[in-house]
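Novice: This is what each chain is made of:
Number of protein chains: 2
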Amino acid sequence: MADPFVMIAARSCLHEIITESHARCHYYLRHQRPILFSTLTLPTLPKHVAKCEYAAHGPVLRKAEELARQLLQQQAGPADRLTGVDGDQLPFDKIVPCNVGNPQAVGQQPMQFHRQVMACLMEPSLVERVGLFPDDVLERVSRYLSRLKDGATGAYSSPQGHLVFREDVASYLSARDQKDTEVDDVFLTDGVSAGVRMALQLILRGSEDGVLLPIPQYPLYSAMTVLLGGQPVGYFLDEQAGWNISVEELQRAAAEFRKRGGVLRAIVVINPGNPTGQVLSQGSMEAVIHFAKKESLVILADEVYQDNIHTENKGFMSFRRLAHEMGTAIEVFSFHSVSKGAVGEGGLRGGFVHCSNLRRDVRDQLRKIASISLCSNVIGQALVASAVTPPPLDGASRALFDQHMAEIKGRFQRKAKLVWQRLNAMDGISCQPLEGAIYAFPRVTIKGYIMKKAISFATPADEIYCTELLERTGVVTVPGSGFGQKPGTFHFRITILPDEDVLGGVLDSIERFHGEHAAGWFR
Amino acid sequence: MADPFVMIAARSCLHEIITESHARCHYYLRHQRPILFSTLTLPTLPKHVAKCEYAAHGPVLRKAEELARQLLQQQAGPADRLTGVDGDQLPFDKIVPCNVGNPQAVGQQPMQFHRQVMACLMEPSLVERVGLFPDDVLERVSRYLSRLKDGATGAYSSPQGHLVFREDVASYLSARDQKDTEVDDVFLTDGVSAGVRMALQLILRGSEDGVLLPIPQYPLYSAMTVLLGGQPVGYFLDEQAGWNISVEELQRAAAEFRKRGGVLRAIVVINPGNPTGQVLSQGSMEAVIHFAKKESLVILADEVYQDNIHTENKGFMSFRRLAHEMGTAIEVFSFHSVSKGAVGEGGLRGGFVHCSNLRRDVRDQLRKIASISLCSNVIGQALVASAVTPPPLDGASRALFDQHMAEIKGRFQRKAKLVWQRLNAMDGISCQPLEGAIYAFPRVTIKGYIMKKAISFATPADEIYCTELLERTGVVTVPGSGFGQKPGTFHFRITILPDEDVLGGVLDSIERFHGEHAAGWFR
Chain A
0 MADPFVMIAA
10 RSCLHEIITE
20 SHARCHYYLR
30 HQRPILFSTL
40 TLPTLPKHVA
50 KCEYAAHGPV
60 LRKAEELARQ
70 LLQQQAGPAD
80 RLTGVDGDQL
90 PFDKIVPCNV
100 GNPQAVGQQP
110 MQFHRQVMAC
120 LMEPSLVERV
130 GLFPDDVLER
140 VSRYLSRLKD
150 GATGAYSSPQ
160 GHLVFREDVA
170 SYLSARDQKD
180 TEVDDVFLTD
190 GVSAGVRMAL
200 QLILRGSEDG
210 VLLPIPQYPL
220 YSAMTVLLGG
230 QPVGYFLDEQ
240 AGWNISVEEL
250 QRAAAEFRKR
260 GGVLRAIVVI
270 NPGNPTGQVL
280 SQGSMEAVIH
290 FAKKESLVIL
300 ADEVYQDNIH
310 TENKGFMSFR
320 RLAHEMGTAI
330 EVFSFHSVSK
340 GAVGEGGLRG
350 GFVHCSNLRR
360 DVRDQLRKIA
370 SISLCSNVIG
380 QALVASAVTP
390 PPLDGASRAL
400 FDQHMAEIKG
410 RFQRKAKLVW
420 QRLNAMDGIS
430 CQPLEGAIYA
440 FPRVTIKGYI
450 MKKAISFATP
460 ADEIYCTELL
470 ERTGVVTVPG
480 SGFGQKPGTF
490 HFRITILPDE
500 DVLGGVLDSI
510 ERFHGEHAAG
520 WFR
Chain B
0 MADPFVMIAA
10 RSCLHEIITE
20 SHARCHYYLR
30 HQRPILFSTL
40 TLPTLPKHVA
50 KCEYAAHGPV
60 LRKAEELARQ
70 LLQQQAGPAD
80 RLTGVDGDQL
90 PFDKIVPCNV
100 GNPQAVGQQP
110 MQFHRQVMAC
120 LMEPSLVERV
130 GLFPDDVLER
140 VSRYLSRLKD
150 GATGAYSSPQ
160 GHLVFREDVA
170 SYLSARDQKD
180 TEVDDVFLTD
190 GVSAGVRMAL
200 QLILRGSEDG
210 VLLPIPQYPL
220 YSAMTVLLGG
230 QPVGYFLDEQ
240 AGWNISVEEL
250 QRAAAEFRKR
260 GGVLRAIVVI
270 NPGNPTGQVL
280 SQGSMEAVIH
290 FAKKESLVIL
300 ADEVYQDNIH
310 TENKGFMSFR
320 RLAHEMGTAI
330 EVFSFHSVSK
340 GAVGEGGLRG
350 GFVHCSNLRR
360 DVRDQLRKIA
370 SISLCSNVIG
380 QALVASAVTP
390 PPLDGASRAL
400 FDQHMAEIKG
410 RFQRKAKLVW
420 QRLNAMDGIS
430 CQPLEGAIYA
440 FPRVTIKGYI
450 MKKAISFATP
460 ADEIYCTELL
470 ERTGVVTVPG
480 SGFGQKPGTF
490 HFRITILPDE
500 DVLGGVLDSI
510 ERFHGEHAAG
520 WFR
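Line order of the protein sequences matches chains A and B.
Per numbering that gives the first Met the number 0, residue 0 is the first one in the first sequence, and the count goes up by one each step.
Per numbering that gives the first Met the number 0, residue 0 is the first one in the second sequence, and the count goes up by one each step.
Treat the hints with care, since some could be wrong.
Where chains are identical, the list cannot tell them apart; a pair therefore holds if satisfied intra-copy or between any two copies.
Claimed, not checked - With a straight-line cut-off of 30 Å between C-alpha atoms, the simulated DSBU-like cross-links for lysine-lysine are:
no., residue 1, residue 2
1, Lys50, Lys367
2, Lys148, Lys62
3, Lys451, Lys148
4, Lys367, Lys46
5, Lys46, Lys258
Keep in mind that the hints were calculated from the coordinates and are not lab data.
Fair warning: this is a prediction, and the values are worked out from it, not measured in the lab.
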């Protein structure tokens with residue numbers, strides 16, 4: 000079976016080499032002398048830099064940025080200066096970003112309690128203004144400031160983050176996983192991406208080392224693995240089984256990689272799933288843990304959507320907790336952040352990684368890697384601590400806090416149901432249940448003109464599909480090929496973050512677009 | 000000449016292998032069965048992880064942390080439970096951290112204007128409280144918020160950072176360097192460390208690629224180069240010439256590396272110098288630029304101390320500006336941050352890198368690397384923009400702002416002179432002029448007992464020296480061997496950040512300690 004990562008990378012390299020050669024020939028023809036070589040040119044960059052791909056910022060998003068500028072001109076200037084897809088006005092008046100999981104960019108409001116705490120950490124004199132903020136905010140701030148001492152938020156913390164914040168995270172994890180948690184196993188990081196990078200830096204020794212990644216996957220994992228010189232090894236999630244994991248598929252992927260001479264080091268799991276929206280069954284999770292134990296793999300558990308579960312039938316179970324309950328002492332890195340859930344503060348880059356069962360000397364090496372960049376941002380650290388510690392039950396902030404949580408939960412439940420039902424009602428589109436996370440990843444049957452264009456441009460059909468959808472409706476999605484998918488199938492990822500009425504319009508657009516495409520209306 | 004980086008690394012690896020083997024033998028003897036192998040163990044970690052060293056968090060700091068805990072117990076509990084170096088009480092009542100350039104941890108106050116702006120960005124409703132903050136703060140906040148639009152600080156920005164903040168940085172750079180600056184050449188990063196990592200990821204292709212680094216150097220550069228699989232290639236700064244750079248030394252270092260089959264890719268310069276405190280002469284800078292051009296090297300210019308210049312004789316000149324004035328179009332990455340200078344906000348992790356003369360397609364690759372981690376923290380981004388844009392001249396905040404700047408500048412000037420004069424007045428200690436940055440890097444003559452101990456423990460003599468200084472006085476410094484130095488010479492780095500009276504006490508301690516050591520008082 001063709002490796003989807005290799006195919007993505009090969010296409011990208013080829014494109015870059017052609018562009019580069021073209022530019023040089025062109026320069027030579029015009030100036031009759033070779034181009035002055037820069038030290039850094041595409042052909043001389045590290046191979047793994049050119050090879051790594053990050054789909055969420057891929058060609059469809061670039062097209063969207065271009066159209067947004069065009070729309071701005073269109074709305075400002077005279078109509079005759081502006082052209083759309085076919086030299087006309089653009090056929091929509093707004094770009095609707097459904098591509099990135101960026102809650103506050105599409106209307107989710109920050110939680111007031113946390114923001115008030117952060118404001119006081121930035122300007123501690125606010126604490127003295129009587130009546131400005133409620134007592135529970137002031138108590139929280141005073142607890143933090145009394146422990147931060149010299150320099151407060153303005154000084155570097157220790158490389159793993161301030162102890163007071165790690166204590167809050169450790170308490171949260173002890174309660175969640177029913178297992179004591181050491182503060183020194185907690186690393187506070189600039190979002191989860193930085194934690195994943197550090198973990199992979201600790202794991203990947205060279206080009207023979209591989210990391211098992213789900214297909215489809217959030218492309219951070221393949222991009223970072225490639226960038227750090229390792230090999231992504233895809234295992235397919237079973238779409239028909241609600242994107243669950245089978246041990247046979249893990250064995251197949253591992254065996255094929257070993258046949259090529261590779262050494263497996265770790266397995267990535269994303270639960271709830273991104274882009275797939277499933278909450279893994281306990282069977283899937285047990286299969287992963289047994290497999291990791293048998294094969295001596297480290298588990299990297301991306302659990303950033305643990306607070307985004309929309310189904311009543313399943314709760315969140317962490318890989319760390321289940322592994323412990325199964326009596327295995329395998330190494331698990333658990334990632335969580337403030338970027339999703341009801342907090343949704345992506346811009347503040349607060350995340351943590353908890354390392355289970357890591358040898359102490361190995362953990363010291365991880366700490367050393369962290370120390371090279373000094374520390375993560377202290378506001379992000381504080382927000383992580385605050386986010387895992389709700390305001391006191393009897394405090395003035397609690398009612399609003401609970402209301403915000405309940406509203407967000409309710410909205411997500413309604414939106415997950417709406418998107419799932421409407422997508423499945425469309426001819427040629429099917430979608431697994433949206434149990435968690437903030438995306439749908441529907442499978443689409445692509446036909447006619449788009450299929451032909453895909454073949455003649457040697458471009459994945461879903462990339463053409465998403466580009467056409469964007470150019471005709473203004474809806475930004477991410478093609479399934481950016482996340483990986485079974486060869487011959489096509490998908491796209493769409494967030495369920497926008498408000499319900501906006502989302503309704505988006506679904507109308509998709510329905511109309513898909514119908515017209517299937518009916519052969521596009522030339 | 001023995002390569003100091005290789006020596007540091009070899010010592011470290013050997014130590015780890017011995018510890019590891021020892022632990023396994025011990026386990027086997029006790030339990031009569033081999034230790035259960037973890038997946039991640041020191042011998043199976045990536046070689047470059049074990050090899051990379053970050054001296055600022057090295058053994059002396061770890062000892063300091065241990066003593067701080069001991070001191071806490073000593074001050075809390077009964078005296079007989081506690082022991083110092085020789086089983087006695089510790090001979091000091093306070094640890095004085097002079098090891099890290101962490102301004103606010105040792106008393107530097109945050110700048111009120113910036114902090115008020117940040118507090119409003121965290122809690123925008125504060126803007127509506129009449130009289131809470133001055134108008135110039137509110138104007139700044141409103142300018143930022145009107146441009147951030149949806150999601151404000153809570154949403155991910157574009158991978159390079161929000162446009163409005165990059166515009167402020169570009170204006171600052173245009174004025175500073177007398178050269179137009181493109182916003183798309185500016186990348187906002189989580190402190191400078193993240194920017195350096197991204198630049199080196201773009202540059203280093205494998206183990207044959209080398210980066211020229213000053214010796215002594217801030218160890219971020221060697222650590223990151225090693226971690227990313229490249230080779231640090233040291234060039235010695237000329238201590239007698241005020242830590243300046245000679246072209247002959249650059250040529251020597253390059254030639255020796257090439258003889259070993261290496262490919263040079265870049266040169267790191269730190270100006271003002273860390274740990275060395277010089278402001279590079281124009282001659283040194285021109286030599287670097289000519290050399291980089293001739294050898295097709297990228298320049299990485301660490302200019303984070305550009306606002307910490309204490310001499311009246313020299314101003315700051317950026318490498319970007321000088322290269323431009325010399326008419327060369329070489330690639331220069333310029334780094335700056337909010338962590339030093341009068342702002343001193345290390346904990347908020349705001350930094351930027353400006354890329355001069357980078358090919359656009361290569362810059363796109365840098366953007367792709369940035370996009371894998373989504374974006375840097377938005378508060379750090381805002382602070383960078385605010386820090387390079389003083390409040391308006393006629394605004395209510397300006398007087399206090401200017402006073403803060405002047406006080407900090409005055410204090411640094413006095414402290415630089417004090418430390419330089421007093422160190423040079425000590426027998427067996429000499430120190431180059433402290434023209435900039437926030438450190439002194441005196442050369443010390445080490446004698447007797449410490450020298451003997453260094454030989455028998457196969458440990459650099461300055462590491463023993465700094466450890467003994469710590470254990471006897473509570474003063475934390477960093478041994479010169481952590482930054483690299485000419486073989487046979489010894490140094491330590493000490494920050495000039497603490498308040499003048501504290502610094503006076505620190506210098507008294509050093510003088511007493513050094514005198515007693517030289518007089519052979521220690522056994």
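Novice: Hints first: check each against the structure and report whether it holds.
Specialist: Do the hints match the structure? See the list:
no.	hint	result
1	Lys50 / Lys367	both (28 Å within a copy, 11 Å between copies)
2	Lys148 / Lys62	between (48 Å within a copy, 21 Å between copies)
3	Lys451 / Lys148	neither (65 Å within a copy, 40 Å between copies)
4	Lys367 / Lys46	both (27 Å within a copy, 14 Å between copies)
5	Lys46 / Lys258	both (24 Å within a copy, 25 Å between copies)
Taken one by one, the earlier hints fail for this structure only at number 3.
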